[in-house]
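Could you build the full structure based on these sequences and the hints that come with them?
Residue numbers (this note's numbering), protein chains in the order written: chain A, 2 to 380; chain B, 3 to 204.
Hints are supplied without guarantee of correctness; some may be wrong.
What the hints assert, rightly or not - Ranges between beta-carbon positions, derived for each pair: (1) Gln113(B) with Gly7(A): 35 to 41 Å; (2) Asp172(B) with Pro120(A): 34 to 40 Å; (3) Thr55(A) with Met198(B): 58 to 64 Å; (4) Phe114(B) with Pro120(A): 32 to 38 Å; (5) Gly7(A) with Glu131(B): 39 to 45 Å; (6) Phe114(B) with Thr117(A): 37 to 43 Å; (7) Gln113(B) with Thr55(A): 26 to 32 Å.
What the hints assert, rightly or not - Mimicking EDC-like on lysine to aspartate or glutamate, the simulated pairs with C-alpha atoms at most 20 Å apart in a straight line are: (8) Lys60(B) with Asp364(A); (9) Lys379(A) with Glu354(A); (10) Lys375(A) with Glu79(B); (11) Lys44(B) with Asp69(B); (12) Lys165(A) with Glu212(A); (13) Lys302(A) with Glu126(B); (14) Lys44(B) with Glu156(B); (15) Lys176(B) with Glu126(B); (16) Lys44(B) with Glu186(A); (17) Lys239(A) with Asp138(A); (18) Lys306(A) with Asp278(A); (19) Lys375(A) with Asp299(A).
It should be emphasised that the hints constitute simulated quantities derived from the structure, not laboratory data.
Glycine included, every Cβ here is placed at the ideal spot set by N, Cα and C.
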Amino acid sequence: MSDLNGTRQLLQGNEAVVHGALAAGCRFFAGYPITPASEIAELFSILLPACDGTFIQMEDEIAGMGAVIGASLAGVKAMTATSGPGFSLMQENLGFACCAEVPCVIANVMRGGPSTGLPTSPAQGDVQMARWGTHGDHPIIVLALSSVIDSFTITAKAFNLSEKYRVPVILLSDEVVAHTRECVELPSTDEIRVVDRIRPSVPPDWYTPYEGDARGVPPMASFGDGYRHHVTGLIHDKQGFPTQNSSEIEAFHLRLAHKITRGFPEIQMSREFFLDDAEVAVIAYGSVARSSLRAVQDARKNGIKAGLLQLITLFPFPRGYVSPLLSQCRAVLVPEMNMGQISREVHRVNQTECRIVKHNRIDGQFITPTEIYKQLIKL
Amino acid sequence: MTAKAQQPSGSRYEIRFSGSGGQGLITAAVIFAEAAGVYGGKYVCQTQSYGPEARGGKSRAEVVISDQPIDYPKAMELDLLLAMNQAACDAYFYDLQPNGLLVADSSLVEQFPTSRIIAIPFTEIARNEIGKAVVANMVALGAMGVLSGQVAVEHLEHSLLSRIPPGTEDMNRKALYRGVEEGSRINIDTLPRALMSDDYDM
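Written out as structure tokens, the structure is:
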């Protein structure tokens with residue numbers, strides 16, 4: 002934890018991610034540098050050793066994700082950071098973390114894709130991949146960062162959700178958020194709420210490692226605590242051993258899905274701007290939410306009743322905020338730096354006459370307020 | 003959980019430092035942003051874009067300053083543009099607002115796109131008077147600080163000293179104050195009122 006918390010300082014989004022993680026209790030980072038995420042690893046390599054944490058630069062992102070899972074199973078809050086190409090490599094181990102319910106945080110600072118893509122231009126092309134990149138039905142939480150202070154608070158929140166629900170949390174940042182420096186005053190340590198995983202309270206012999214509590218989340222013993230248990234990526238029974246029993250398989254899947262569904266009111270996060278009397282609205286996330294806020298204010302100045310719903314949680318999709326807005330507005334605009342990965346989710350939850358208009362940019366350029374404004378006045 | 007916020011859009015002051023990679027433009031912008039934000043108490047956003055090269059290639063860095071929280075973090079209509087080479091001057095001149103200010107390094111920019119220009123030989127001053135061309139960015143920073151009216155010189159100095167390698171303090175401080183001196187010498191009121199000649203008589 003930096004001793005600069007509580008004072009005004011100029012930080013990059015990537016640096017704020019590190020401070021947020023440390024504030025939430027993260028003491029392990031393993032990864033492989035890649036632009037535009039490298040500053041996260043760089044700052045961790047300086048700050049983690051100073052607070053008895055561990056930083057490892059691995060041989061690649063596959064190993065980075067593996068090391069993060071190992072650290073978390075040993076009881077240490079852990080994260081990694083990468084960009085699209087590295088995120089692709091992490092998918093297999095990410096699936097393991099989902100299946101074995103290993104809390105961890107993965108920051109993906111998006112750049113243009115696919116493949117090696119566009120280093121280092123802003124993009125939001127990994128949104129659906131963050132949800133569905135690893136195979137099979139699986140629970141996961143995806144949060145979007147839009148500013149330096151967000152990069153701090155939402156990262157800390159990501160750790161809390163990850164620990165509470167024993168689920169990997171993906172942080173989606175982008176080149177603009179990651180590299181913009183802003184003047185912020187980070188909260189001091191005692192102002193930050195930190196959630197730790199529930200540990201077993203029963204004697205080791207009674208421990209059933211994959212039996213959910215009332216919320217569906219099993220208490221988690223650390224390796225080395227004396228609670229011997231088996232961890233696998235195979236579908237497993239309550240004891241943690243592979244099963245082919247169809248009723249156990251279904252129960253496994255349902256518990257994993259339901260633990261997130263039960264927490265949904267807390268997990269879905271958004272910000273509302275000028276929505277009270279809005280007739281048209283922008284639904285945006287990440288850096289594009291900032292362009293959108295500007296455009297909405299310009300529209301208001303010109304007498305258009307426009308508002309902005311900024312999504313912080315992207316998955317599970319925050320329909321609790323989106324659906325009422327679709328009932329309220331005659332049209333919504335969904336600007337994204339991709340071909341329409343969240344607008345399809347908005348369509349999915351739309352059960353009204355509300356018109357959903359896409360605005361997409363895939364040329365490696367940041368969406369400007371002017372573009373959004375021009376679309377907004379046509380709604 | 004949702005947060006409601008209503009932000010008024012405050013007045014913005016937008017600056018771009020442009021030139022080629024290796025001229026220290028991002029460093030200058032970071033120091034400017036820190037001076038205005040951390041020490042001056044304003045809202046600031048500092049962004050940059052640059053090519054993959056360590057030297058050469060286009061480089062630009064921006065600072066947006068406001069009394070209100072800043073939504074869009076990049077420049078939309080520049081109030082102040084620093085061009086440290088001809089290519090940057092040509093490329094970004096049109097991003098200035100009509101009564102914006104163009105500051106050019108006259109050691110490297112030969113063709114001026116407007117007569118509303120402040121031409122100061124930053125690189126020559128750095129090379130001949132301070133002893134190292136590499137501190138041209140700090141000479142420019144001093145001038146930009148004064149001409150913007152957005153930041154106190156002592157805040158620039160404070161920020162500068164916290165962000166440069168130890169042992170280079172005297173040289174950098176000297177460069178900064180030499181730039182401040184050049185900037186202070188300029189009387190903006192004597193310049194043409196607008197960038198384009200059509201607007202002279204507005």
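Structure-based check of all given hints:
1. A beta carbon spacing of about 50 Å between Gln113(B) and Gly7(A) contradicts the range 35 to 41 Å that was offered as a hint.
2. At about 38 Å, the beta-carbon gap between Asp172(B) and Pro120(A) stays in the expected band of 34 to 40 Å.
3. Checking the proposed 58 to 64 Å range against Thr55(A) and Met198(B) shows it holds: the Cβ atoms sit about 59 Å from each other.
4. At roughly 35 Å, the beta-carbon separation of Phe114(B) and Pro120(A) lies within the given 32 to 38 Å, and the hint holds.
5. Between Gly7(A) and Glu131(B) the beta carbons are some 41 Å apart, a value that agrees with the proposed interval 39 to 45 Å.
6. In this structure the hint that Phe114(B) and Thr117(A) lie 37 to 43 Å apart at CB holds, the actual value being about 41 Å.
7. Restraint check, Gln113(B) to Thr55(A): a C-beta distance of roughly 56 Å breaks the suggested window 26 to 32 Å.
8. The hinted pair formed by Lys60(B) and Asp364(A) meets the criterion: a straight-line CA distance of about 18 Å does not exceed 20 Å.
9. With a C-alpha separation of about 17 Å, the suggested pairing of Lys379(A) with Glu354(A) holds against the 20 Å cut-off.
10. Among the hinted pairs, Lys375(A) with Glu79(B) is consistent with the structure: their alpha-carbon atoms are about 17 Å apart, no more than 20 Å.
11. Taking the CA atoms of Lys44(B) and Asp69(B), the gap is near 6 Å; set against the 20 Å cutoff, the hint holds.
12. This hinted pair checks out: Lys165(A) and Glu212(A) have alpha carbons roughly 15 Å apart, not beyond 20 Å.
13. The hinted pair formed by Lys302(A) and Glu126(B) fails the criterion: a straight-line CA distance of about 47 Å is larger than 20 Å.
14. Our distance criterion of 20 Å between C-alpha atoms is met by Lys44(B) and Glu156(B), whose separation comes to about 15 Å.
15. Distance check on the hinted pair: Lys176(B) and Glu126(B) sit about 14 Å apart at the alpha-carbon level, within 20 Å; holds.
16. Between Lys44(B) and Glu186(A) the CA atoms are separated by roughly 12 Å; this keeps the pair inside 20 Å, and the hint holds.
17. Distance check on the hinted pair: Lys239(A) and Asp138(A) sit about 19 Å apart at the alpha-carbon level, within 20 Å; holds.
18. Among the hinted pairs, Lys306(A) with Asp278(A) is consistent with the structure: their alpha-carbon atoms are about 7 Å apart, no more than 20 Å.
19. Distance hint between Lys375(A) and Asp299(A) is fulfilled; the C-alpha atoms sit about 10 Å from each other, no more than 20 Å.
Hints 1, 7, 13 from the earlier list are contradicted by this structure; the remaining hints agree with it.
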